[in-house]
Amino acid sequence: MAASSDVVSEPFPIFRVAGNYILYDINVVSHIRRQYNICGVLLGSLPQIPQQSVFLGLPLQLLPEEARLLAEQGHAYIVDDAREHKAAMLEAGLSEDEKAAFRTLLGRQSMEAAEAVRRKAGERKEKALKKIAMQRRKHKEGSVETDASGSTLEGDDVESSLFSNASQTEDTASTISVASAQPPNSFAVTPTTSYPPLPQPDLSPAVLLPEVPSSYPLFKHLQQKGYFMMPGLRFGCQYSIYPGDPLRFHSHFLAVGRGWDDDIRMMEIVGGGRLGTGVKKAFMIGGNTECKDGEEVGDQSEVRAFCFEWAGM
Amino acid sequence: MAVRRASSALQQLMASDGYVLDSVDDELSDWDHYCNLALQVLHNLQHQHRWTQLKLHTHSPTAPYARMSRPLLSGMPPRRLYVHPDEQIEFIRLDDERKKRRKAQEKRQVTDSTTDTVPPTIPEDDDDPETTPQPVREWVLPTHIGEMWSLRRMATVFDVICSVPPDPGPSNDGLLAENPPSEGPIQSPGRWREVKRLLLATVDDDSTIVYYIVHDGIVKPRQN
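The listed protein sequences correspond, in order, to chains A and B.
Here the working numbering is used: the first residue of the first sequence is 316, the next is one more, and so on.
Here the working numbering is used: the first residue of the second sequence is 6, the next is one more, and so on.
Treat the hints loosely; a few may be bogus.
[Stated by the list, open to error] Below are the SDA-like pairs computed for lysine to any residue, each with C-alpha atoms no more than 20 Å apart in a straight line:
(1) K595(A) <-> R142(B)
(2) K104(B) <-> P138(B)
(3) K225(B) <-> A386(A)
(4) K595(A) <-> P90(B)
(5) K201(B) <-> G627(A)
(6) K225(B) <-> G586(A)
(7) K225(B) <-> G627(A)
(8) K595(A) <-> D560(A)
(9) K595(A) <-> H52(B)
The hints are simulated quantities; they were obtained by calculation from the structure and are not laboratory data.
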């Protein structure tokens, strides 16, 4: 809930829903983008206009790589959503006190939301009326220069009458729209997270670390270098790599992760390199290096990457 | 009636004694095929892209000068093949400064000249090494489109080369590079050549050759 606080306490839960890694809290979403250059993909669409996929909202889906990285580094932990829900809601259930506390909290938040909306509307109205009054004054000054004081009085009258009128209609409208249990002048709030009413999910039982594709070493390497990764399907690669926040920068690389001895077809290099150069990017292939004897080095192993650009000849 | 056709320029090049074949009998080894591939690329670079001082490298230019996994070429392109984006910005900045200087100079001359004499024109020096990138020797890795590569193979090639190919000695007018390289002045890779790079030449069966710049590391792309 955005209203509750802007501070994110680590480790925060990542919810596993049907094999997907989902975040519901806007604070966590902005936190990981700011601190760990992890963007994820927003999923939530507007119920009335689901085809407007440019303006997606919460929840945020993380790539398995992103979830794994956050969990590995201790910033987050994975919670099996279905199991947690069953345990907390169906088996134990909420006590009457908890329910009452949650209702009070919801009530307060709905009042706050309504108040904020009203305040904003009031400000907007005032601004518009001032503009009208100004125009009117100008008009009158043009025709009869002496009657300046009269016009301002008239303007005030209009303003106040408009205000009272508006607030009355707003009252009736909101009383009709909200449920009868809620006090008037409040909005219906839909919480995006389940805590409260539930306490923050426990660290135990810990779900195993997310399964990641073989390109994970390259992903991790680039993330630790401060690059931002986005899904790369649009450019026929695994990740499109940005040197900073994707909202501020164009991507620099089209990256594909490979094992040290995995086959790379020349056509792949030619195709990737040519496509990348066409959109002012370089095509990158990288992966974990291995020891000479073929034994994979653990976490400290080095990642090596090669960048391909069309030579223009 | 069998007609013996004259061999092509490329065939003649391949048949020349410019390099040493591996095999003793008529069977060509993989290495020989790689060498022929390299010569095909060399021919293309020389005659279609006007490269000069092309050399075939069979041995690593760095100690212990061992034979490489496959032959490489080195050569001098007619103009700079790769300009790092930051270097390009630097060149544009320098060029801008020079233009401003010239404009100021012209203005001064106009105001100074009280007679009708035409002021001497300042030459347009496009080859100014300060503002135009000068060509540098490049490595070339000849490959065939049907090959399978891997990160390990790519790394093996990069590991044994130096940043800038060695200058061929003045006495060396053959195809083969000297092994070990002659003691010339050590080429400085320059400020902008921080990681090794080579030109990947990929030959198709129809003799089309495509060229790609490969960097041994993460290098941001050029903004052409």
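Each hint, compared with the structure:
1. Simply put, K595(A) and R142(B) have alpha-carbon atoms about 25 Å apart, too far for the 20 Å limit, and the pair is violated.
2. Restraint check for K104(B) and P138(B): satisfied, since their Cα atoms lie roughly 17 Å apart, inside the 20 Å limit.
3. Annotation: proposed proximity of K225(B) to A386(A) is violated, straight-line Cα distance about 30 Å (limit 20 Å).
4. With a C-alpha separation of about 11 Å, the suggested pairing of K595(A) with P90(B) holds against the 20 Å cut-off.
5. With a CA separation close to 19 Å, the supplied pair K201(B) and G627(A) stays within the 20 Å bound.
6. With a CA separation close to 19 Å, the supplied pair K225(B) and G586(A) stays within the 20 Å bound.
7. With a CA separation close to 17 Å, the supplied pair K225(B) and G627(A) stays within the 20 Å bound.
8. A C-alpha spacing of about 18 Å is found between K595(A) and D560(A), which places the hinted pair at or below 20 Å, so the restraint holds.
9. Distance restraint check for K595(A) and H52(B): the Cα-Cα separation of roughly 29 Å exceeds the 20 Å cut-off, and the hinted pair is therefore not satisfied.
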